[in-house]
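The task is simple: from the sequences and hints, build the whole structure.
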Amino acid sequence: MDAKLNHSDLSALLAKQAEISGAKAEVFTKAFFDIILEGLEQDGMVKINGLGTFKVTDVASRSSVDVNTGEKIEIKGHKKLTFLPADSLKEKVNQPFAMFEPVEIDESYVDDSEEPAMNETEAQEDATAVEDTPVTTPCEEPVTVEEPAAAEEAEPAEDAEIPAIKEEEVTKEEETPATEPVAEEVPAIEETKEEAKEATAEPVAENAVSEQPAQREVKNSYPITEPAPATAKPTTNRKRGVIYTLFIIAAILVAVIIYLRPQLFGIVETGKKTVATVETTPTKVVEEVKPDSVEVAAEQPIEEPYTFAMVDELAVKSVGSITRGDTLLYVANDTIATHIVAADETLVRISLKYYGDKRLWPYIVQYNKLHDPNGLSKGMELLIPRLQPAK
Amino acid sequence: MNNKEFISKLAKRCGIAAAEAAAGVDSFVAVMTERLKENDQLNVSGFGVFEVKMRKERVSVNPKTGQRFLVPPKIVPSFRPSSKLKDKFNE
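Protein chains in written order, with my numbering: chain L, 1 to 391; chain U, 1 to 91.
Take these hints with a grain of salt, some might be off.
Claimed, not checked - In the BS3-like style, the derived pairs of lysine-lysine whose C-alpha atoms are separated by at most 27 Å in a straight line are: (1) U:LYS53 / L:LYS79; (2) U:LYS4 / U:LYS86; (3) U:LYS74 / L:LYS80; (4) U:LYS12 / L:LYS55; (5) L:LYS369 / L:LYS358; (6) L:LYS369 / U:LYS84; (7) U:LYS84 / L:LYS79; (8) U:LYS4 / L:LYS92; (9) L:LYS92 / L:LYS47; (10) U:LYS74 / U:LYS12; (11) L:LYS90 / U:LYS53; (12) L:LYS4 / U:LYS53; (13) U:LYS4 / L:LYS55; (14) L:LYS24 / L:LYS4; (15) U:LYS84 / U:LYS53; (16) L:LYS92 / U:LYS56; (17) U:LYS4 / L:LYS4; (18) U:LYS74 / L:LYS55; (19) L:LYS30 / U:LYS74; (20) L:LYS47 / L:LYS90; (21) L:LYS16 / U:LYS56; (22) L:LYS30 / U:LYS88; (23) U:LYS86 / L:LYS80; (24) L:LYS92 / U:LYS37; (25) L:LYS79 / U:LYS88; (26) L:LYS30 / U:LYS56; (27) L:LYS4 / U:LYS12; (28) L:LYS80 / L:LYS30; (29) L:LYS24 / U:LYS56; (30) L:LYS79 / U:LYS4; (31) L:LYS47 / L:LYS4; (32) U:LYS12 / L:LYS16; (33) U:LYS88 / L:LYS76.
What the hints assert, rightly or not - Selected chain U positions facing chain L (Cβ under 8 Å, derived; list incomplete): (34) ASN39; (35) LEU42; (36) SER83.
No wet-lab data here; the hints were simulated from the structure.
This one's a predicted model, so the numbers in the text were calculated from it and none came from an experiment.
Glycine residues also receive a C-beta, built at the ideal position from the N, C-alpha and C atoms.
Following this line, the structure appears as C-alpha cells:
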C-alpha cells in the first residue's frame, strides 16, 4: 500500500510468483528492462502484452519567452519517452471506480426549473416597481390601448380611496349613500369570480380596515368592468394578470398603511373638521362632526386659535380613543405651583402628579410657552397652571 | 519491437526457452499489475517509475452535439522515465 518498491523488491516478488530462484528472477527483471531500452533505441517502440507500449515520440520545436529576460527563445524539438498502458492494465488498476460510467448531464431540466422562477420574480419586481411609482405609471400605457377600462380603473381605485375615507365619515353619522347598497351587492357576485389571491387579500384588508367599508367596496367593484376586456381580448390575459396583481398589492399596501398609521388619517380628519367647523355655521358642525369633537367645535368660537392649537395637539398625542374627558377644554387662569423638574421627569409625569391625568400635559407646555416639549432638563422651573373647565 | 520479438530476445539473453520467457513475462506483468493496484510505486533505477494516478471527475462536452457528460473519476497507470533515460534519446 503506497509503498515504494525498487528493482530488487520486484525481483523478489517475481521469484515468489513464478516460483524461481531469487537470483534468476533478478537476472530476468534486469534483462526485461534492458531489452525494453534496447528495443526503444532500435525501433523507437516496444510493446509488451498486458503491460503496454513504450514509445519514443518527437516533440516539435516551439517558440517561447524567457521568463526572466522576456526575450523570445526557441525550445528545440526533442524526443520523449511515452508509455501507453494496455487496456487490461488500465482496467485492473481502475477497479475501484469500475462501476462508474460517464453520465449525460441533462441541462434542460435545470433550465426548466430556473427560468419560470426567474420570470415570476421578474414579474413581481415589475409589479412592485410599478407599485412604488405613483398611480400614473407608464407601465400601464401599453395596456391602455387594448383595455382602457381596466387601465383606467387603476387611477379611480387609488384616488377613490381618499374620498372614500372622507365619505365614510359622513355616511357613519348621517345617511348611507345610495352607492353603498349597490356596491355591497357587487362583492357577493364578484367574490366568487375573484381569484384565490384576492380572496385571501380581502380578509386582511377587512381586519385592517374594519371601519372602512367604503374602501372595500371600491376594491370589490373593479371586477365589474374587468371581465369585459377579458372576453374581448383573451390574448391580454397576462397583462390583465399583472394589473390584477397590481391592484391586489395596491389594496394591501393601502390597508396596511391605514392599519399601521391610522393617526395619519385621524389627524387629517380631525384637523380638517375643526377648521371646517370654525369656518362654517354651528348648526352644520353638529351634523358633520363626531359626537366627541362636537364639544370641541362648540368651544371653538370662544377659545380662539390658542385652544384650537391645543386641541390639535391633544389629538396628535392620543389618537386611538377620541372619547375621553379631557377633550373638555380648560382655561389656565392661575398658577398653582412652581415645579422644579427632577432628573428623568417627563411632562406626562408632572401632569399626572398635579392633575391626576397624564393627558393634560399640553397645558403645562402651553402655559410655560415651552418650545420643545421633549426638551425638559433637570432643575428647570415649570409653572403649573390651575385648570378650570372653560364654559 | 513487438511482444514476440521482445520475448525471443529476452529468452536469448537469459538463456531460456521462449515459452519460459513468455511465462516469465506474464508473471512479471502480473506482479507489476498487482503492485500498481495496491497504489505502490515501482522504481526501476535507470529506467523509470511506474505508478498510478488519480484522475478527478470532469465534465466533457461533445462539440458536435453540445451534449455534456460527467466523466467519472478514475485511476490510471502511468510511467515516468528516469532522467537518464530521457537524456538517452536526445543525445
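These are the hints, each one checked on the structure:
{"no.": "1", "hint": "U:LYS53 / L:LYS79", "result": "23 Å, holds"}
{"no.": "2", "hint": "U:LYS4 / U:LYS86", "result": "26 Å, holds"}
{"no.": "3", "hint": "U:LYS74 / L:LYS80", "result": "25 Å, holds"}
{"no.": "4", "hint": "U:LYS12 / L:LYS55", "result": "23 Å, holds"}
{"no.": "5", "hint": "L:LYS369 / L:LYS358", "result": "19 Å, holds"}
{"no.": "6", "hint": "L:LYS369 / U:LYS84", "result": "104 Å, violated"}
{"no.": "7", "hint": "U:LYS84 / L:LYS79", "result": "13 Å, holds"}
{"no.": "8", "hint": "U:LYS4 / L:LYS92", "result": "23 Å, holds"}
{"no.": "9", "hint": "L:LYS92 / L:LYS47", "result": "18 Å, holds"}
{"no.": "10", "hint": "U:LYS74 / U:LYS12", "result": "39 Å, violated"}
{"no.": "11", "hint": "L:LYS90 / U:LYS53", "result": "11 Å, holds"}
{"no.": "12", "hint": "L:LYS4 / U:LYS53", "result": "14 Å, holds"}
{"no.": "13", "hint": "U:LYS4 / L:LYS55", "result": "17 Å, holds"}
{"no.": "14", "hint": "L:LYS24 / L:LYS4", "result": "22 Å, holds"}
{"no.": "15", "hint": "U:LYS84 / U:LYS53", "result": "23 Å, holds"}
{"no.": "16", "hint": "L:LYS92 / U:LYS56", "result": "18 Å, holds"}
{"no.": "17", "hint": "U:LYS4 / L:LYS4", "result": "30 Å, violated"}
{"no.": "18", "hint": "U:LYS74 / L:LYS55", "result": "23 Å, holds"}
{"no.": "19", "hint": "L:LYS30 / U:LYS74", "result": "31 Å, violated"}
{"no.": "20", "hint": "L:LYS47 / L:LYS90", "result": "15 Å, holds"}
{"no.": "21", "hint": "L:LYS16 / U:LYS56", "result": "35 Å, violated"}
{"no.": "22", "hint": "L:LYS30 / U:LYS88", "result": "18 Å, holds"}
{"no.": "23", "hint": "U:LYS86 / L:LYS80", "result": "7 Å, holds"}
{"no.": "24", "hint": "L:LYS92 / U:LYS37", "result": "7 Å, holds"}
{"no.": "25", "hint": "L:LYS79 / U:LYS88", "result": "9 Å, holds"}
{"no.": "26", "hint": "L:LYS30 / U:LYS56", "result": "35 Å, violated"}
{"no.": "27", "hint": "L:LYS4 / U:LYS12", "result": "31 Å, violated"}
{"no.": "28", "hint": "L:LYS80 / L:LYS30", "result": "22 Å, holds"}
{"no.": "29", "hint": "L:LYS24 / U:LYS56", "result": "41 Å, violated"}
{"no.": "30", "hint": "L:LYS79 / U:LYS4", "result": "25 Å, holds"}
{"no.": "31", "hint": "L:LYS47 / L:LYS4", "result": "25 Å, holds"}
{"no.": "32", "hint": "U:LYS12 / L:LYS16", "result": "23 Å, holds"}
{"no.": "33", "hint": "U:LYS88 / L:LYS76", "result": "16 Å, holds"}
{"no.": "34", "hint": "ASN39", "result": "5 Å, holds"}
{"no.": "35", "hint": "LEU42", "result": "5 Å, holds"}
{"no.": "36", "hint": "SER83", "result": "11 Å, violated"}
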